[in-house]
Structure formats: structure tokens, C-alpha cells
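> The task is simple: from the sequences and hints, build the whole structure.
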Amino acid sequence: MNTELLKERWRRNWYKFSRNPLSILGLAVVLSIIVIAIFAAFFAPYPEHAFVFVDFKNAKSPPSWQHLCGTDMAGRDILSRIFFGFRYSLVMAVSVLSVATPPGVLLGLIAGYMRDTWVDTAIMRVADVFLSVPSMVLALAVCSMLEPTLYNAMLAVTVMWWPWYTRLVYGAASSIKNEYFVQAAEVTGASTFHILFGEIFPNCLSTIFTKMTLDVGWVILIGSTLSFVGLGAQPPTPDLGTMVSDGSKYIPAQWWISLFPALFIVVIILGFNLLGDGVRDMLAGD
Amino acid sequence: MNIKKYVAYRLVSSFFVLFGLSLLIFSLSRLVPGDPARLALGPMAPQWAVDKLRAQLHLDEPVYIQYIYWVTNVFRGDLGQSLVTRRGVFNDILEFFPATFELVIFSVILSTSLAIILGVTSGKYANSLWDNIVRVISYIGIAIPSFVWAIMSVFIFGYVLRWFPTLGRLSSGVVMPPKVTGLLLIDSLIAGKLDVFRDAFYHMILPGTSLVISRLAQEARITRASVVENLHKDYIMAARSFGIPEKTITLRYLLKPSLIPTVAVMGMDIAGSMGGSFIVETIFNWPGLGRYGMSAMLSNDINAIVGVVMLIGVFFAFMNILVDLITAYLDPRIMMKLRGS
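Here the protein sequences line up with chains A and B, keeping their order. All residue numbers for the first sequence refer to the working numbering, where the first residue is 255 and numbers rise by one. All residue numbers for the second sequence refer to the working numbering, where the first residue is 5 and numbers rise by one.
There's no promise every hint is true.
Calculated pairs, BS3-like style, for lysine-lysine (alpha carbon to alpha carbon, straight line, at most 30 angstroms) [unchecked claim]:
#  : chain 1 : residue 1 : chain 2 : residue 2
1  : B       : Lys341    : B       : Lys237
2  : B       : Lys128    : A       : Lys270
3  : B       : Lys237    : A       : Lys270
4  : B       : Lys341    : A       : Lys431
5  : B       : Lys128    : A       : Lys465
6  : B       : Lys237    : B       : Lys260
7  : B       : Lys260    : B       : Lys128
8  : B       : Lys128    : B       : Lys237
9  : A       : Lys431    : A       : Lys465
10 : B       : Lys197    : B       : Lys183
11 : A       : Lys503    : A       : Lys314
12 : A       : Lys270    : A       : Lys465
Simulated from the structure, these hints should not be mistaken for lab results.
In C-alpha cells, the structure reads:
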């Protein structure tokens, strides 16, 4: 494909994407969160408050100009901790999706291409087992059987996430395999490897990519839930879910300790959802 | 394949899936770091007591032998003993399940009916002000995790406005109605105690809404999309050209086909509520399976974890079959496929 055509396609996609103001809003929110997360030490008003820090004189002080979101039970600036908390939410989403997607996609491709053989049955029934309980329950159960750390929480979410990709790609692959170009490749004696990755896989890409952008919000939601119940990141890590759960003990008198982290969880998820919807609409026509 | 055969086929395949689930969750539970027997008895317990419990739980034998013991017991209706409550897990589950069932059913009914109202009205008047309001609400609704909604509603409706109670199923001092079904709303009606019914209903509102808020938003969008799609079909145009009143068109012709996607995701909806109940019940101190499961998970009570996960798997499988049957009833095309092939 020449560069001119590629440029033209990008231009058209951007036009489709930018016609919806909500998608632009989502993109802006997501970009700001990524920038703030990377340069948290620069944006946070009190970067030293992010981890271990104690200032009981200023503990539980309500929102003010010095502390826009107030301070928590140890006197740490909540806004600073929220900025650092973005890092953990993003790391969670990126690592879960990048670990869960490849095996999920691979299994889906194989099962879809070998439809109605024992390979198909074996793979899809195993996927069914993982989908036979609500994903939150499975993630909680797996998480509780491991040491409660951020990495194990990611592992637990990954374990429940791959079957969704297997199912998605299975559906796509099993219909693409009947297309003429796949049959042509088969007739000319192409290897199974080539058919899977050279013919079928490129045609599933936009479906996979759309699901991945739509999934970011969900992964962050489940991740924050796990740390909320104490099965994810442990204090003093500035994780948003942990902050909400710590602060909930001080409701209603010191409402700001849990309310602001909760609000920012909603903002992150909302941003990624709006962005994901924009990407879906953008790729839908192709 | 007729309906009976279809249900039988689904039951058999569910059985195999649940068998796989039991293998998965059981072997995971035996990989727990640390000694479950030691955890159950505490650090001060003498070694001989720990050894005795290990022998009782067959923990010293290979995992597959333990699994065989476990499966044989399951078919006798015995899920083992909870290491925390010291009672049979099966009895515990029977005791806690009705509270969760009541909450989940309440929240699913609430979300589905609200979603239908919001979805139909916003789809009927697409791109109006109301449609945009519903759209914004549903975007925000999807982005709110259930624990955030639970905490916020406890704060706003429980403490600031003081509209609803925030803990448990009944106010202290209210006498439980005699247990018939275990569902307080029904039991209180059977006992003829309207004040208890009212109290139980009030207690259900905050946890119930916390469970459904994100599903409600999604269902409303699904219903809206389906209404918009059906609105432009020929049969609606035909009905209009006959001069049938708009209200009759909506209620009699538009509603039924538009609801199929909404009902089809009800299975997912119940699953979402079951998963959310672990968190919501813990926050609202709701004495149900979710809170029981959550405390089992936090205390490494392996028998209880396996039992709860398996029970939820069974419940989920039945609900999915039920939802598929309802969808088939609503959609003659699916019914014909079932009858035809």
C-alpha cells in the first residue's frame, strides 16, 4: 500500500472520528490522563505525599486552596495521590489487555479456522468454562487465592479476560474462512500458518482493535473494584480503588477522602468509553 | 429439534461446563499459598490439631484424590465444611442465598423495566432533548463502578438526605416474618405485615440501585437502538398509513420486537448483578451469598469459596437457559429455528 493511500485513509478516519464531539472529548480526557500519569511528579502539587508521608497536623482537612481535594487521614494531599493513582489504573489496563489478547486471539483463530473439528470443540468448551461464572466472581476468586498484590490482581483479570477475545475472533474467523480469498489460498497450497496469520488475521484486526479500546474502561473498573475490596494494590500505593475504600470509613464527616478518588475513577472510565465508542464508529464503515 | 430436546441439550452441555468449572476452581483452591488448616485454626493452635484437620480435609493427598473425594461428596449434597463458620458450606449457602436472590431479582426487574421506559421513549423521539438527556445519563451510568455508586448513595441518600436506610435487610426492632420462601418481600406479604414489607422494600432500594446502575444504562442504549431500527420498518409504516393511533402502534406493534435484544442480555444482566453483589452486599452489610463469599475469599476459606463459585455457576447456567427460552418465545424466528432443525 503506498503512503498516499495510507494518508488518505487516515485523513478520512480522522474526519469520521472528529465529527462526534463526544469522541473528541473522550480523546482529550484520555490524553490528559496519560500526560498527567507520566508526569505525575510534575503536575502533583505535593508529589512527596504520594506514598509514605505523615502530617497529622493537617490530617482530614477539607478541600481548600492549599489542598484542592482535601487531605486524607494521614494528612496527605488527595489530589497528588489521585494523579499518581492514574499510573496504576493505566498500567493495569495496558498490561491486562496486552497479555490477555494474544492468546485469546490465537485460540479464536485456530478454533474458528478448524470449525467443527475436535480442536474447535476443545478450545471453545474451555472458553465456556471460564465464562460460566460472572467474570467479577471468577476474578475475585482467583485473586483471593493469590497474595494480594497489584500483579496478582492483573493476573486474575487476565485469566478471566482472554475467553472474550477467543469468542470474538472465533465468530469472525469462522465466517472469514469461507471467503473466496481464503479458499484461493487453500487451493494454491498455502500453509495453515499463512492462512491464519496472512489471510484471516488481518481481516479480524479492526474488530479486535475496537474491542480493545472498548475494554480499557472495563479493565480499569474491575481493577479498581479488586483493590477496593483489598485484593489488589496495597497501601501506601496511591491506587484509586484503595483510596476510595480507605476513605469510606470516614463517611459522612470527611466525605472528600473517598469522594474525589471515586469521581476520578468515573472520569477515567468515562473518557475511555467515549474514546472507544468513537473508534468503534470510525472503524465500523470499513 | 423441539423445545424439550433443546432444553435437554442445554442442560447436558451445562453439566459438562460446570464439571470443567469445578476442575478449574478446585485445583486453583488447592494452589493457595500457605496451609488452609493452619489458617483456619490460627497461629496458636497446636501442631497435632492442624495435622488432624489436614487429615480430615485430605490435604496431604494428591490433588486429584482430593477432587475425587470432593465430587463424591457433592453428589451426596455435601460441599464440605466452612473453615470459618465451622458449619456445612451447603447449609450456609442455603441460608444466605435467598437474600441475594431477592436482591438480584429486584434489581434485574428494576433495571429492565426502567431501561425499557428510557429506551423506548428516547428511541421513539430520537435526537430530541429527552433523547440527549438519556444519552448523557447512560454514558455516565456505564462509567460508574458499583462500589462507587454504593458509597456515593450511602453518603447522599443515607446520610445527607436520610431517605433510605443503609445497612441490612430490616431495621433493628422489626420482627422477621416467619420464613416461608426466605424472600422478605414475599414472606411479609404472606404474614400480612405491610409495615415489614415497607421496611424491607426501603432497605432494598440503595443496594438494588447500586447493583444495576451500569447495566441499566447499557440496556437503555440497547433498547433505544432496537427501537430506532424497528421504527423504520415497513410494518410500522403500514400501521401508520392505516391511521392506527401512535400510542397503539408503540404499545402493540413496536414494543415486542424491540424488546428482544433487551431480554437477550438479561442473562448477562443477572451475571453482572451476581458479580456486583459481592461488593454491594459487603458495603450494605446485606446478609447474602455475596457477603458470605466475599468474607470467605478474604479469609481463604477454600471450601466455602469453591462452594459459592459452583453454586453461582449452576444458578447462572439455569438463568441463561431460561432467558434463551423467553427470547425464543418473543422472537418467532428463533422458535422456528428450534422447531425446524
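> Now tell me if each hint is right for this structure.
For each hint, the structure was consulted:
Distance hint between Lys341 (chain B) and Lys237 (chain B) is fulfilled; the C-alpha atoms sit about 22 angstroms from each other, no more than 30 angstroms. For the hint linking Lys128 (chain B) to Lys270 (chain A), the alpha-carbon distance of about 26 angstroms falls within 30 angstroms, and the restraint holds. Taking the CA atoms of Lys237 (chain B) and Lys270 (chain A), the gap is about 27 angstroms. The hint holds against a cut of 30 angstroms. With a C-alpha separation of about 24 angstroms, the suggested pairing of Lys341 (chain B) with Lys431 (chain A) holds against the 30 angstroms cut-off.
Taking the CA atoms of Lys128 (chain B) and Lys465 (chain A), the gap is about 29 angstroms. The hint holds against a cut of 30 angstroms. In summary, the hint linking Lys237 (chain B) to Lys260 (chain B) is supported, as the alpha carbons are separated by about 14 angstroms, within the 30 angstroms threshold. About 14 angstroms separates the Cα atoms of Lys260 (chain B) and Lys128 (chain B), which keeps this hinted pair within 30 angstroms; it holds. A distance of roughly 13 angstroms separates the Cα atoms of Lys128 (chain B) and Lys237 (chain B); the hinted pair therefore holds under the 30 angstroms criterion.
Our distance criterion of 30 angstroms between C-alpha atoms is met by Lys431 (chain A) and Lys465 (chain A), whose separation comes to about 21 angstroms. Only pairs whose Cα atoms come within 30 angstroms are accepted, and Lys197 (chain B) paired with Lys183 (chain B) is accepted, the gap being roughly 13 angstroms. Between Lys503 (chain A) and Lys314 (chain A), the direct Cα distance comes to roughly 12 angstroms. Compliance with the 30 angstroms bound is thereby established for this hinted pair. Between Lys270 (chain A) and Lys465 (chain A), the direct Cα distance comes to roughly 18 angstroms. Compliance with the 30 angstroms bound is thereby established for this hinted pair.
When the structure is compared with the earlier hints, no violation turns up for any of them.
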